[in-house]
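Undergrad: This is what each chain is made of:
Protein chains: 2
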Amino acid sequence: MGITANNPDRKSWLEIAPESDFPIQNIPFGVFLTKENIVTVGTRLGDFAIDLGALQQLGYFEGIELTDDVFLQDTLNDFISDGKKTWRLVRNRIADIFDAENPALRDNKKHRDVVIFKMEDVEMQLPVFIGDYTDFYSSKEHATNVGKMFRDPENALLPNWLHIPVGYHGRSSTIVPSGIPVHRPMGQTMPADATTPVFGPSRLVDFELETAFITTDANIMGENIPVNEAEDHIFGMVLLNDWSARDIQKWEYVPLGPFLAKNFASSISPWIVTMDALEPFRCEQPKQEPAPLPYLQQEGNHAFDINLQVAIAPENTEETVVCNSNLKYMYWTMSQQLAHHTINGCRINSGDMMGSGTISGPTEDSFGSMLELTWGGKNPIPMKDGTERKFINDGDTVIIRGYCKNDTIRIGFGEVSTKLLPPITTK
Amino acid sequence: MGITANNPDRKSWLEIAPESDFPIQNIPFGVFLTKENIVTVGTRLGDFAIDLGALQQLGYFEGIELTDDVFLQDTLNDFISDGKKTWRLVRNRIADIFDAENPALRDNKKHRDVVIFKMEDVEMQLPVFIGDYTDFYSSKEHATNVGKMFRDPENALLPNWLHIPVGYHGRSSTIVPSGIPVHRPMGQTMPADATTPVFGPSRLVDFELETAFITTDANIMGENIPVNEAEDHIFGMVLLNDWSARDIQKWEYVPLGPFLAKNFASSISPWIVTMDALEPFRCEQPKQEPAPLPYLQQEGNHAFDINLQVAIAPENTEETVVCNSNLKYMYWTMSQQLAHHTINGCRINSGDMMGSGTISGPTEDSFGSMLELTWGGKNPIPMKDGTERKFINDGDTVIIRGYCKNDTIRIGFGEVSTKLLPPITTK
Chain A
1 MGITANNPDR
11 KSWLEIAPES
21 DFPIQNIPFG
31 VFLTKENIVT
41 VGTRLGDFAI
51 DLGALQQLGY
61 FEGIELTDDV
71 FLQDTLNDFI
81 SDGKKTWRLV
91 RNRIADIFDA
101 ENPALRDNKK
111 HRDVVIFKME
121 DVEMQLPVFI
131 GDYTDFYSSK
141 EHATNVGKMF
151 RDPENALLPN
161 WLHIPVGYHG
171 RSSTIVPSGI
181 PVHRPMGQTM
191 PADATTPVFG
201 PSRLVDFELE
211 TAFITTDANI
221 MGENIPVNEA
231 EDHIFGMVLL
241 NDWSARDIQK
251 WEYVPLGPFL
261 AKNFASSISP
271 WIVTMDALEP
281 FRCEQPKQEP
291 APLPYLQQEG
301 NHAFDINLQV
311 AIAPENTEET
321 VVCNSNLKYM
331 YWTMSQQLAH
341 HTINGCRINS
351 GDMMGSGTIS
361 GPTEDSFGSM
371 LELTWGGKNP
381 IPMKDGTERK
391 FINDGDTVII
401 RGYCKNDTIR
411 IGFGEVSTKL
421 LPPITTK
Chain B
1 MGITANNPDR
11 KSWLEIAPES
21 DFPIQNIPFG
31 VFLTKENIVT
41 VGTRLGDFAI
51 DLGALQQLGY
61 FEGIELTDDV
71 FLQDTLNDFI
81 SDGKKTWRLV
91 RNRIADIFDA
101 ENPALRDNKK
111 HRDVVIFKME
121 DVEMQLPVFI
131 GDYTDFYSSK
141 EHATNVGKMF
151 RDPENALLPN
161 WLHIPVGYHG
171 RSSTIVPSGI
181 PVHRPMGQTM
191 PADATTPVFG
201 PSRLVDFELE
211 TAFITTDANI
221 MGENIPVNEA
231 EDHIFGMVLL
241 NDWSARDIQK
251 WEYVPLGPFL
261 AKNFASSISP
271 WIVTMDALEP
281 FRCEQPKQEP
291 APLPYLQQEG
301 NHAFDINLQV
311 AIAPENTEET
321 VVCNSNLKYM
331 YWTMSQQLAH
341 HTINGCRINS
351 GDMMGSGTIS
361 GPTEDSFGSM
371 LELTWGGKNP
381 IPMKDGTERK
391 FINDGDTVII
401 RGYCKNDTIR
411 IGFGEVSTKL
421 LPPITTK
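Chains A and B are the protein sequences, given in the same order.
For what it's worth, UniProt numbering labels the leading residue of the first sequence as 1, then goes sequentially.
For what it's worth, UniProt numbering labels the leading residue of the second sequence as 1, then goes sequentially.
These are calculated hints, taken from the structure and not from any lab test.
Given the structure is predicted, the values throughout are model-derived calculations rather than measurements.
Keep in mind that the hints are not guaranteed to be accurate.
One copy or two, it doesn't matter: identical chains are merged, so the pair holds either way.
As a list, the in silico SDA-like pairs of lysine to any residue whose alpha-carbon atoms are at most 25 Å apart [said to hold, decoys possible]:
1. LYS140 with LYS250
2. LYS148 with GLU19
3. LYS427 with ASN228
4. LYS427 with GLU299
5. LYS110 with LEU162
6. LYS427 with GLU229
7. LYS250 with MET149
8. LYS148 with MET190
9. LYS250 with LEU162
10. LYS250 with TRP161
11. LYS427 with LEU293
12. LYS109 with GLN309
13. LYS427 with ILE220
Construct the complete structure from the given sequences, taking the supplied hints into account.
TA: In structure tokens:
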């Protein structure tokens, strides 16, 4: 079954700006709330939100085997459980419905009125219920940079790193969509010159530029997902800002890993861009030397060429771009991450989220965190308003954007934009 | 409002063996499946499972503000969300219903027939949907033992350990109730004499003797739960076997903590014993020196005197007890764990589970893992069948039991009993 939705020549009867992240070749999935307080699964075309629940009720998905009211829900989990074949059929059908040549919806004002919303009139929700959130650590440049700063500059990369897509478990309860502000965390830190720890607001709040993929339920407990089947169990991707408090992290993370330094908030972009939509942007991953163990070896191209950008907007002033990176730099691929995650029989559910780890590229302006960009605060970054930043200030908004582009199409993720607020007073 | 359910003099009209873990002073909560495939919230008295959904429908909870059909569900999450006052009212009422002097249900055979099941006729389920699972590391003896073996014997306890109830995130999707067998995990390890890692079944599968507490939804993102309020947000406790693969753990855990070494399975006992039921067994926690930061300081007694035992039953032979420990040895209390977990504003939901960490006591026979009991495999433990164990063999069943006892009552947790099966062949 072809991915007809990816046809680069297709135009929509909806007006879509040429530089939009959401042309008819994208067709992401999300969940939105209307002004009438109705929650529905939707897609986005240009600046329009499309109610897929209404489309289903009006019969536009006839012929596709779908659970009743699978889109009249407040999460995508059940739709994702329907599997890759169904995702593709639905996405192809949506492209047909909005194809410039198709009059069915185009010429039916009554239907259009209940199906199409302006983006400004809806409020985006978390697209999935995330049962488990795993974060990987798959950028060689990031792992090397952090190793140099936190551990031994001579042996920055730990012995296991080239053999294992290192990962750890994160907190699901504090994952929020773009637009929801987060509070600077309070916590315990050990100042450089102190002998006992102190309590107070974190002084080193940082972003982490990441992407994340969303899985379907793929195995039972005890079973693994082979690396060459792994991509079939990935529904799509979002942008992820994995907020980090570096001073809390430094004091707490040995020996069991980051905990309160990370679990106060993780922010994601609300539209899940499908792996089908990203297919034209598949590219070669970095060469892996030494060769990984056979369960991690794969043929073909499994990296994706996704341009990523981070900007900081101080309160009431214009933003400054602080980082330009790309997902293609990652050493470990998403299929290797998922194969590794399940090689011990770990069960994966629909809606689970797996973060890439901070995406740092080879150049200094492609580092995916303030920790690396300012090299631990040593080299502050000038803002357009004349101030400078070592880390993130209260009132700053951090914006991550991502898009793919080739000669014929551009598809994007939109953004994850999050304002950092001061701490809530401790009770 | 008193905890009248704890009255030690009360007897039930149901026949309950004197040494049962489930006298009328216990009244735990769980979820079970009947032979008619009906799932319901229940409690247990002796060897009887009580259908609380049926009791509610028959009007036995009249006068208590309860959500409609809050017990006719497949998890306890909604009931837990109702809060401590409701938990106490319901538990007190159940004690009344089964009080020897109360004829209402006792003398109504029609009602008894739909409310009371034999334990052998029901199948226990997970009692809650666990959104997030956190595991702490709060036994000083365990942290010291592991530090001696894995790191530096001279500085076994890391600098942060006496200041922070160290914790990390675990995997929710692989938490299973007692009785569900688990498979030995496959994985990557670095043998002592090797220069490249190898792939195969873990050779060092271990149990970890833990308890865990179940929370209610207690805060919004950004807010903390003060240490002196923390216990109000804990519904109750279960026994936890946090399965661990020591060889996988050793190779993967630096720098981000345990991942595949732990997330293949965690087993819990199916009945949640409430904090109200455990109230008579409150006791003094170990003295904390140095004093923790103020947000972790608390007045009064916050430890609980819970006897714990681990036994190994090789296939087809009788069990051997390998460990006797007690929760009261833990350095950090549950209220300190919950206060620390939320000091950064981390949101806690109804049904979240927080493990104590391995509970090792001061004597060698009270260590809570084979790693410590055999000191890394150096001192194998003889089994009653003539074999010996360094770690857990395929076919072995690991059984954790727990109970509290004073001069007048004994209440227990039942057990978490789990058979270790060989790995499923890797695809």
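Undergrad: For each hint, tell me whether it holds in the structure or not.
TA: Hints versus structure:
Taking the shortest alpha-carbon separations for LYS140 and LYS250, both the intra-copy value of 20 Å and the inter-copy value of 21 Å come in at or below 25 Å. When the C-alpha separation of LYS148 and GLU19 is checked against a cutoff of 25 Å, the pair qualifies neither within a copy, at 40 Å, nor between copies, at 59 Å. Proximity of LYS427 to ASN228 under the C-alpha cut-off of 25 Å is restricted to the inter-copy arrangement: shortest distance 10 Å between copies versus 51 Å within a copy. With identical chains, the CA atoms of LYS427 and GLU299 are at most 25 Å apart between copies only, with a shortest distance of 16 Å across copies and 55 Å within one.
In this assembly of identical chains, the alpha carbons of LYS110 and LEU162 never lie at most 25 Å apart, being 58 Å within a copy and 67 Å across copies at closest. Proximity of LYS427 and GLU229 under a CA criterion of 25 Å is satisfied inter-copy only: 10 Å between copies versus 49 Å inside one chain copy. Proximity of LYS250 to MET149 under the C-alpha cut-off of 25 Å is found in both arrangements, the shortest distances being 11 Å within a copy and 23 Å between copies. For the homomeric pair LYS148 and MET190, the shortest alpha-carbon distances inside one copy (20 Å) and between copies (24 Å) are both at most 25 Å.
Proximity of LYS250 to LEU162 under the C-alpha cut-off of 25 Å is found in both arrangements, the shortest distances being 23 Å within a copy and 16 Å between copies. For the identical chains of this complex, LYS250 and TRP161 are neighbours both inside a copy (20 Å) and across copies (13 Å), given an alpha-carbon limit of 25 Å. With identical chains, the CA atoms of LYS427 and LEU293 are at most 25 Å apart between copies only, with a shortest distance of 14 Å across copies and 50 Å within one. In the homo-oligomer, the alpha carbons of LYS109 and GLN309 never lie at most 25 Å apart, since the shortest distance is 39 Å inside one protomer and 70 Å across protomers.
In the homo-oligomer, the alpha carbons of LYS427 and ILE220 lie at most 25 Å apart only across protomers (13 Å), although the nearest pairing inside one protomer, at 43 Å, exceeds that limit.
Checked against the numbered hints listed earlier, the structure breaks hints 2, 5, 12; every other hint is satisfied.
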